[in-house]
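**Student:** Here is how the chains run, residue by residue.
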Amino acid sequence: MSHAIDRVAQFEHVTQRYGRAVALDDVVLSLPAGCLVGLIGPDGVGKSSLLAIVAGARQIQSGSVRVLDGDMADAAHRRAVCPRIAYMPQGLGKNLYPDLSIRENIAYFARLFGQSRAERADRIEDLLASTGLAPFGDRSAGKLSGGMKQKLGLCCALVHDPDLLILDEPTTGVDPLSRRQFWDLIGRIRARSQGLSVLVATAYMEEAERFDWLVAMNAGRIVATGTPAAIKQQTAARTVEEAFIALLPEAERRGHVTPVAPPRRAGTSEPVITARGLTCRFGDFTAVDHVSFDIARGEIFGFVGSNGCGKTTTMKMLTGLLPATEGEALLFGKPIDASDLEARRRVGYMSQSFSLYGELTVRQNLDLHARLFHLSRQEMRPRIAELIERFDLGPHVEQRPQDLPLGIRQRLSLAVAIVHRPEMLILDEPTSGVDPLARDRFWELLIDLSRNDGVTIFVSTHFMNEAERCDRISLMESGHVLATDTPAGLVASRGAATLEDAFIAYLEAATNARAMAAPPAEPTRRAARRPPEASGRFSPRRLVACTIRETLELVRDRVRLAFAIFGTAFLMLVFGFGISTDVNSLTFAVLDHDNTHESRAYLEEVRGSAYFIEKPPLQDYKDLEERLADGSIDCAIEIPPAFGRDIARGRPATVGAWVDGARPFIAQTIRGYLQAMNQLYLTDPAVVTTAPPPNPVADIEVRFKYNQNFESIYAMVPSTLALELALFPAILMALAVVREKELGSITNLYVTPVSRLEFLIGKQLPYIALAMVNFVLMFLMALFVFHVPLKGSFLPLLLGTLIYVTATTAYGMLVSAFARTQIAALFGTAILTVLPATMFAGMTVPVSSLTGMAQIMGRLFPMTYFLPISVGTFTKGLGFADLATQLAALVVFVPALLMLSLLLLRKQER
Amino acid sequence: MGSIANIFWLGTKELRSFLHDYVLLALVAYSFSFAIIAQSQSSSQEVHNASIAVVDEDHSELSRRIAHAFLPPFFKQPQSIAERDIVPLMNAGRYTFVLDIPPHFARDVLGRRDPGLQLDVDATAMVQAGLGAGYAQQIITNEINDFLSRAEGTPPSPVNINVRIAFNPNAETPWFTSVMGIITSITMLAIVLAGAAVVREREHGTMDHLLVMPLTPFEIAMSKIWANGFVILVATALSLYFVLRGLLHIPIAGSVPLFLGGVALYLFFATAIGIFLGTVARSMPQLGLLYLLVYLPLSMLSGANTPLESMPPWLASAVQISPTVHFVSFAQAILYRGAGFLIVWPEFAIVALGGGVFLALSLWRFRAVTSATM
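Those sequence lines, one after another, are chains A and B.
Taking my numbering, the leading residue of the first sequence gets 728, the next gets one more, and so forth.
Taking my numbering, the leading residue of the second sequence gets 291, the next gets one more, and so forth.
No false leads were mixed into what you were given.
Far from chain A, some chain B residues (derived; all Cβ distances over 10 Å):
| hint | residue |
| --- | --- |
| 1 | Ile371 |
| 2 | Gly551 |
| 3 | Phe638 |
| 4 | Gly646 |
Taking lysine to any residue and the SDA-like style, the derived pairs with C-alpha atoms no more than 20 Å apart in a straight line are:
| hint | chain 1 | residue 1 | chain 2 | residue 2 |
| --- | --- | --- | --- | --- |
| 5 | A | Lys870 | A | Ser828 |
| 6 | A | Lys1468 | B | His494 |
| 7 | A | Lys1518 | B | Leu379 |
| 8 | A | Lys959 | A | Asn945 |
| 9 | A | Lys870 | B | Arg572 |
| 10 | A | Lys1468 | A | Arg1547 |
| 11 | A | Lys1342 | B | Ile633 |
| 12 | A | Lys1342 | A | Asp1319 |
| 13 | A | Lys1634 | A | Tyr745 |
| 14 | A | Lys959 | A | Ala973 |
| 15 | A | Lys1432 | B | Leu379 |
| 16 | A | Lys1349 | B | Ala543 |
| 17 | A | Lys1432 | B | Gln408 |
| 18 | A | Lys1432 | B | Arg384 |
| 19 | A | Lys821 | A | Arg1637 |
| 20 | A | Lys1468 | B | Gln576 |
| 21 | A | Lys821 | B | His494 |
It is worth saying that the hints were derived from the structure and are not from the lab.
A virtual CB, placed ideally from N, CA and C, is assigned to each residue, including glycine.
Next up, chain A with everything else stripped away, as it sits in the complex (with noise of 0.2 Å):
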């Protein structure tokens, strides 16, 4: 340990605001190195931006910030400290990758701060042995349970040896057997790596007894500092819970009372909900595992036990929402039936999330609910101001739900679940998240609606204090119900001091789990260990590891690699076939008033024409406008009386066309050909006539270069193939680079070594592999499905495609720093994408011909390069010295697209 640092971070002054809400007012704080610094307080204190601050991950709005003895306002010293911090953000396994295993994951980090292969397997090896996680390294991070996840996430974060370690809520909805695991493997690493600062954030004021040090936060402002000694001396409490609750402002805590509930009435009626051998399967996994209990009325039933254990499914299933694999549940006596209208109407539910609609305000949720629930007119306004009264809603009623904070928003939740009077309340984990006061509160709310309306509530929680406060609790682990008793009996019956060590004793004896816990295996050898490579200068390694990363997650989700293989062929079909502006099949009919051999011998040119098909004769010209007017011809052609005669006398005679113009392309063909087929009567030598006919002037010899016989799909095929390398590439990429926003592994790039450079160009080789897969199967597709052949040379094509994905992927990467969430990268890219592909590249109208705005917008789109390219090479027959131009042109969007794009990109969270 450096001695000359007794101080981990400092804080002076700082101030952050998002939005309106302000995460920290003028924080002034130092903490102590070498120890272990718990920040406790409830949600949105501001706990998680002061951990982020200290790691480098947010941006410093105000004031100045010290951590490991420099600025950390200042990229060189946040650069040079990042491989001597490990950041662990908020929400279980927020920054790991869900489809890759548990060896994948750590080796990833393990890339990222340049360790060579000896190393990192030595490394995996022991994070591995000294977690109890060696038996689970090949499954994937997302199918583990939340207490493995955290380990995994330590393991992650301990791959480069950190001098500080930051831990934000490690074991919020954590069993209490894992958490208590989780606290001796810290205690273990701190024996071990002598000087490590660890600062942690939980909600868990129990866990802070155990911390070294304590900083106690509410809104954004630091309320006491000290060891957890010192602070419950300081408030003459027993507990830090009741501490940090003296240490609130006398507003918040007006009022304030530990809710216990009085002893229920003992009452023999028949159980509202039965549960036998309930199970449910999903697929191999088995989420409920024969579960089974009674409630009786106006009793308050408890479901203990941590995030993933069935609880949620299990109650799922006992409201109709999720069918039972095996067992039954009886409501009210009789089985549950998802289409029993009148069951609903008695039983009122919470569901995990906050799930009212945050767009409506307060009363107009109430009152939505109200409508659903069919309360009359008269019944609605007194039920409503009476919750809003028993609910101290009164500030908030017109205020959105969105805007007020956690513990108000489950009251309403509450209100509205009862605003019908159930009979039977299920209330899934209602206060996770929730402060010490607010969850008090909304427990008194429960003991009243139980003790003083009678109503029978089933409620889940991973709290002890709450699981107390229970008539009776089912202990749940891993689908199983481990026991079922009063809270009193439980302890009782392991002769435990308390409920969680009950628990625990519960779970051991369960899962064996002493073996796990065991002391973990000491390292025994160590492989040569550099220190970390210098995050400055460009690094081959770390770019792999993203590319490495990149490409397993593709890989391993089916669902958009299907998309990105199969999607390019299957439009590639939709538009080869579908997207043509050859005229033919042209409807017509004949009004033929004269009937004679020249009258016959005119329409015959039209008849026998490939283009046309004859529909029956008109009757008149009634019937000809109706039959123009439903669309069942498209033109109608008229013999004036006197047409034979007037041609005999040498009479100038005229036909008549009508050509229907909906569709004026159509209708503009049509007027072509008819003119077209009129000059053809008067030089067909089989036309008798007295006039003369007249000498062909001058023979105009229209070529159709390229395409002899102007069919579109030679130059509609390769025009697909440049439109889907232009959408699909870009929408992929641009996903990419969002679902890491979305899902937050991106602060990996926020807090680690990896620069954005190589974290862009590292994603974006995967896609560009992946394209060109595209291209071969579509290329392909052109030669053999659609008969298009290559006429010029395949190099320039191969290597101009290749540059064109690589400009095409940039070009999604740069739309991804403009979309926060993957729906609006998707649509965003879509319309950037299709708008000037289709108009503005040469796909429809020729590049020659626009002006202005549209010319400007064509000359800034890749496409508009590629595709003389791409149609140049199959149908013009061209060669590289024609296509010269094109490819430079090409060349210079990919750095171009990139250096925008690393502007755009982040390194920290604002």
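Assemble chain B onto chain A, guided by the hints.
**Tutor:** Just chain B now, with coordinates in the frame of chain A:
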């Protein structure tokens, strides 16, 4: 009765949610205004500004007159180039048309020696090449005839054809492209709005919430259909009156209420497809990818872009089951040809049937999928 009330109140909630989703609002506004205007001004269906070069080896009065006869807006000012440049310039796509007037052309015309005149057309520029070649021939023939009749007076042609274009006498393409633009926007938005409404509820967990209330999947689906359909119907009407009539001055021949009635039916179909996709997709990005694979074929093969007649016959008959094809067809009949209900009702029926099928499919998928996601 209670069911209708549920559908109504749930629908009002949809409308409120929609009005707060600024991204979707912007998308709707863009699709019914800017996108329509852009499409109406694109010249993808006509000859406009076609680039032409002339190799004048004759240097006569006639050759100059021919060159000067190519006029905007159909053609750009013809450029004079040398004969040896024809191939490289056409390879590079600089000119769509190159007219080669040989030496002594005018003399040979007057001498009735039937001289040849060569027009090279870049046949990879489909629409311009096809229509433009016809125009160019007409222009050249007229110029030569003019020249001759002034020189010696030629007799009029014994048979003429007088082609009149019904419903759109000047064959103005904005009439077509703007209305087809509206149709494309309707298809695009109806599917995506309804699909996103379902996925959003599932991602926010509110779908579970609805399903445990005394509501049927039918009521939930219908509320989304009417609310999202209503938004687009209003946008369509506004776009017809303000953008098409007001801004672009496009005359509408037929009955707008009848057309809007048809749009309402079509919206039933398109939103039902959207809801179905929403029940199939597990997340927003998946919905987006699925959507592209459904929307693009529906729209590209609807006849709104290129005519069904030019498709291979098997494809042209296969797409007859697509309600979008019938929507495009009755929209053209009503708006351009002034067709009445008696003419279009069979197509209305097909569209409604398509909507019914997808509504049934979504109801079938609804409960199974919504709960299996978490």
